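*Asks:* For the protein sequence lines, the chains are X and L, in the order given. Per the numbering used here, the very first residue in the first sequence carries number 156; after that it's consecutive. Per the numbering used here, the very first residue in the second sequence carries number 2; after that it's consecutive.
The reader is advised that the hints may include incorrect statements.
To be verified - List of simulated lysine to aspartate or glutamate pairs, EDC-like, C-alpha gap at most 16 angstroms: (1) X:Lys-274 <-> X:Glu-236; (2) X:Lys-289 <-> L:Glu-96; (3) X:Lys-289 <-> L:Asp-100; (4) X:Lys-289 <-> X:Asp-252; (5) X:Lys-287 <-> X:Glu-302; (6) X:Lys-459 <-> X:Glu-568.
Claimed, not checked - Simulated restraints, written as ranges between beta carbons of each label pair: (7) L:Ser-122 <-> X:Arg-395: 22 to 28 angstroms; (8) X:Ala-500 <-> L:Cys-123: 53 to 59 angstroms; (9) L:Met-2 <-> X:Arg-395: 47 to 53 angstroms.
To be verified - Rough simulated footprint, nothing fancy, chain X against chain L, three-plus residues with beta-carbon under 8 angstroms: (10) 66–80; (11) 98–107.
These are computed hints drawn from the structure, not numbers from a lab. Keep in mind that this is a model prediction, so the values were computed, not measured. All residues carry an ideal CB built from backbone N, CA and C; glycine is no exception.
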Amino acid sequence: MPKLTIDGREIEVAAGTTVIAAARDLGIEIPHFCWHPELSVAANCRMCLVEIEKQPKLQPSCQLPAADGMVVHTDTPRVREARRAMMEYLLLNHPVDCPICDQAGECKLQDYYQLYDLKASRLWSEEGKVRKRKRTVFGPHVVYDAERCVMCTRCVRFCAEIAKDPVLIEVHRGDHSEIAVAPGRTLDHAYSLMTAHVCPVGALTSRDFRFQCRVWFLSSTPTICPGCATGCNALLDHRRGEAFRLRPRDNPALNRGWLCDDGVLAFRLHNDHRLTTPELGRGEEARPASWDEALAEAAALLGKLPKAQRAAVLSAEHSCEENWALCVFAREALGVERFFVAGRAAGEADELLRHADKNPNRAGVRLMLGAEPEPLEKLVEEATAGSLRGVVALGAAAATTGPAAATGLLRLEALVSLAPRRGPLPEAAHVRLPCPSFAEAAGTYVNARGQPQEFPRAMPPRGEALEVPELLARLARRLDLTLPFRSTADVRAAVMPRLPQPAAGGGAP
Amino acid sequence: MPYVVRRPDRNLWEQSYVPETVRGLAVTLRHFFRNVLGRRDTVTLLYPEQRRPYPPRFRGVHRLTQRDDGAPRCTACMCCQTACPAECIHIVAGEYPADHPLAHVEKYPAEFWIDELRCVSCGLCVEACPCDAIRMDTGLHPRPVEARPHLMYERNLLLSISDTAGSVFTANPRKK
Ligand code: SF4
Ligand code: SF4
Ligand code: SF4
Ligand code: FES
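Just chain L, same shape as in the assembly (with noise of 0.2 angstroms):
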């Protein structure tokens, strides 16, 4: 189907380019000279010397919470690992002795893996997790690094960050 391109309707004082960039270039000194002379209202900020507030509910890196005896509330149930749409969690299961003080939890994770790298911040894993093991609520960014694998961030490193409060545990215990 052919189209009707319209021409722009415009005269000749905007057809010559001219003034009009010289107006625009008015805009961008007016600003520059009153925030260097005068007051200043800028809406950059100095990163990181300067921070903004985030809202509380940031979507940081990733954090597994701690029961209160310090082991990890996640039960390697993989639900997270099944929720997350950039297949980044990497868990392996282990089963605890019969003997161990936490015998009656039966499974836990002996290995867990999240790829910073290729998370896309979406929240789902949170979502998904049935015993609030595994929260976004940390408040930071992935750290810059010089080589990819550092930002596998490895079970024990996810298990000691804090959320932005300072506690390891979930803002979620179990109703008795």
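In isolation and in its complexed conformation, chain X is listed as follows (with noise of 0.2 angstroms):
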């Protein structure tokens, strides 16, 4: 275990450690545009140079394993004066179009210019500017401006090491030099969005951001990707009440500080197609409504049915917070025994982060439930047999859409659906009751591994929807039932009790 001296601190770390892995522990962040902590040392920026005791040369950082008794410096005047060299070489054939770059306020070539440079370029004309292509579309998500690029090949390495799918490459030489997709390649596998995420500079960004909003108008809050079983930590950027992408967060025993290309877009189940009101009747005679009127007509439609024709469709997509109020609704204000489970369709799934299952809580609603539920498919062969009849139901999918499933909902004479959007549970439902998107309401999911994590609340729910333990109390109370809690916090009491515990190093933010 080797020790060494970082600008006067002591530290010990495994063998093999890199200087600048090493200064990080300490706190001490060193400049640097082509190392990454996931990612094979490549040391071709040279924004990472050192100083060495005993040592004539400025050394790489990202390179240069810790040694015994090493004593490093790295804010000395030698050192400073490279960077500054470092920073004016790499924005030497720049084209310094900030104001139509989507990196802008998160770019390390502004960062660092501001840090260490804040010279004028000695080259400011702009036919001695090397030109190269811009805005070239390198796959469904992913746009390449080779002018802005530092060829640091963090995105080259990402491709071959981390997604497994070597589609960028290196091409020309010098000045001319610039990352291409392989021919007859797109850059389309599975994670193609983190390929602009470890971008340092405006050089790769998402298409789908694209213009969208300036990254300094944004507030970040940490939360849990709801695209899939696997529940990755994520930062959503958000400004007023608007969801804008999913950013990963460093969870170095889960996601490693990445996210799949559904993660990232997943903030669009915020945004889209959402219910903002309480509305009453299917199809043609959907109606906006109050929240009297609709909690009225919803405890009138299931209080009239018997208890033994009643049921409860629990939400994968979910919270488990929101499950439990469920379940306590269902069970005793409805006297409901049978219960379901919704949630989006199985989709693709690989060995790096992706899980079939669609869902971020499947899980959870298992443990909340305390039995496993059945599935979706056998309320539709019940509906449509006639032997259920009213249900209340959480969330807006239903994996198994088609004819027959609709029709079989259709058959349900009370259909109660507490939804943050609209879907095909909501639209075959008597009642629709609006409920947080997952950035609207604190909550926890467990994900497949079993680990439950908590997130907390983004913004505050859109329109007049209201949170879903709140909903179901004032429910109840329509029904003559007084239910144990009225919040989301009341809720959460009752949750943790029924959690495993997370495990050590992973789990929740």
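Please dock the two separately framed chains into a single complex, following the hints provided.
*Replies:* Set out below in structure tokens:
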């Protein structure tokens, strides 16, 4: 275990650790472009040069293994001059088109220019700059601007090493070098947006986020990706009630700082097709209603049916808190004994992150119910047969779509749907009650590995939507029952003891 | 802490008010009759028939400058929106399609709104703009209107306003 000194502070690190990683452990940030903790070392940008005592030349700290007794200085005049020179070199042919660049505000070139350079370019002539391709579409989600690229090759290494699809390559030499897509290919693997994420500058940017919002207007809230049962840790970027993107949040034990493309785009679950007011009636007869009217109608519809013909649909899309509140409501207010589970349809899976179950909380639903819920197909069957007539359902998605499912659900005499957005379940419902999206209520998901992960609320519910526990407490009062909770906080206290303890090193944010 | 309020130092003549009031009225009347009967040296103007020339740096309503081809110079970078302390600028960025003559510019303001009612005429937007696309050299006041929305100035209106010399272009063409 080598012990070294960085800027006068001693640290002991595992053999093989690089100096830049050791410095990071001490909280000393050495500027870098090409180094990334999850990728192999390329050492091509030379931004990370540091001074080592008894070594005549500056050394790239991203490539240099820590050695016993090494004395490192990261902030001497020589190092600062080297950084300034590197910045001038990197910006030599840069188009400085920050006004039209989406990376502006989170760009390493901007940050390091402010910190280490602050000199006017000595090549201020547009004719003198090497011109390259601008706005080149690389794939369905990513666009490339060769003039902004600093050739750090992070994107190339990400594709080869993490996504295991070496679709990006370096072409040409010297001033003219740039990144290209391998001939005959597009950048279309399931992690293509992570290439834009690892790009330290504005060379690779997201086509989805393109020109939507300047990054400095966004607020970030830690969240759990609602895209699949892996439960990757993420940051939700939002502004004035609208979500713009998910970004990965580092969790070395789970997603190691990555998200899949579907995950990055899962913010759309918050924006699109939202239900914002209570509604009554199906299809043509649908009309907005007040909460009073809608709750009275829901209570009347469900109340008049015999207990044995009522059921509840839990949602693998929704948090433990929301599902537990529905379990308690259904059992106590409606005497329900049959519980089903709905959610989005299964999809592709892979070794890296993606799970076939595209719902974040199926394991949590099981824990909250204390038993295995029945599949939605069974509900459709029994509804068609007429043995189940009244249902209270959480969530918008129903994996079983198609005509059979739709007609089955339409046979129900009372379908009360609690949903954040439109979808097969609310469309078939007699009463639609708007509830918060994944970003609008705090909650807990239990991922496929059984790790419970809490997340806070990023913004208040849109429109007239009510948090599920509050909504159900109000509905129960219409059925002359007082539930043991009134808010998400009450429910969380009841849910906590039912969750497994988070595994060491991973889990909760 | 107690304060001692000193009584004003007035003699009986001043304290009785009436003579001093008459003296004040005399000054007013002197000016009145001098201006009505004799030479006029009033400082007020009959606005809007009479106007005083504004200083060249007067900050009037905004305008968006045009490129030589008539397209907006603005690239929808939102620097002005960021700088504006009154939060009265709202921009929606658009992207020129790949076959557009201005495809190399990539980004343009599909919508550009300035709420002239909220604007505090600080000029920070003009300072912030890296493209000299927004200027306040029009010499104009916002026109009186009957409803608040009429003072939401929209992109094409802003593009059509000219500076005091009648130009809709920038005063700082990019150095080549
Ligand atoms: S596109 Fe970005 S990540 Fe890839 S080499 Fe260029 S600067 Fe680096
Ligand atoms: S002059 Fe000031 S208040 Fe008015 S739009 Fe510009 S920045 Fe905003
Ligand atoms: S007017 Fe200027 S500062 Fe404002 S968005 Fe357009 S280019 Fe940017
Ligand atoms: S970070 Fe070390 S050379 Fe690029």
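*Asks:* Has the given pair, Lys-274 of chain X with Glu-236 of chain X, been kept, meaning a C-alpha gap of at most 16 angstroms?
*Replies:* Measuring from Cα to Cα gives roughly 12 angstroms; hence the hint holds.
*Asks:* Holds or violated: Lys-287 of chain X with Glu-302 of chain X, Cα cutoff 16 angstroms?
*Replies:* Holds. Lys-287 of chain X to Glu-302 of chain X sits at ~5 angstroms (cutoff 16 angstroms).
*Asks:* Are at least 3 residues of the stretch 66–80 of chain L within less than 8 angstroms of chain X when you compare beta carbons?
*Replies:* Held - the stretch 66–80 of chain L has 5 residues with a Cβ nearer than 8 angstroms to chain X, which meets the minimum of three.
*Asks:* Please work out if Lys-289 of chain X and Asp-252 of chain X have their alpha carbons no farther apart than 16 angstroms.
*Replies:* Status holds; Cα separation ~11 angstroms.
*Asks:* Is the distance from the Cβ of Ala-500 of chain X to the Cβ of Cys-123 of chain L consistent with 53 to 59 angstroms?
*Replies:* 54 angstroms, holds
*Asks:* Within a Cα-Cα threshold of 16 angstroms, do Lys-459 of chain X and Glu-568 of chain X meet the stated pairing?
*Replies:* 10 angstroms, holds
*Asks:* Does the alpha-carbon distance linking Lys-289 of chain X and Glu-96 of chain L stay inside the 16 angstroms limit?
*Replies:* The hint holds at about 14 angstroms.
*Asks:* Quick check: does the Cβ-Cβ distance between Met-2 of chain L and Arg-395 of chain X fall within 47 to 53 angstroms?
*Replies:* 49 angstroms, holds
*Asks:* Please verify whether Lys-289 of chain X and Asp-100 of chain L have alpha carbons no more than 16 angstroms apart.
*Replies:* 14 angstroms, holds
*Asks:* Has the hinted range 22 to 28 angstroms been met by the Cβ atoms of Ser-122 of chain L and Arg-395 of chain X?
*Replies:* Cβ of Ser-122 of chain L to Cβ of Arg-395 of chain X: about 26 angstroms, so the range 22 to 28 angstroms holds.
*Asks:* Take the stretch 98–107 of chain L, compare each residue's beta carbon with every beta carbon of chain X, and decide whether three or more fall closer than 8 angstroms.
*Replies:* holds (count 5)
Comparing the model with each earlier hint shows no violations; every hint is respected.
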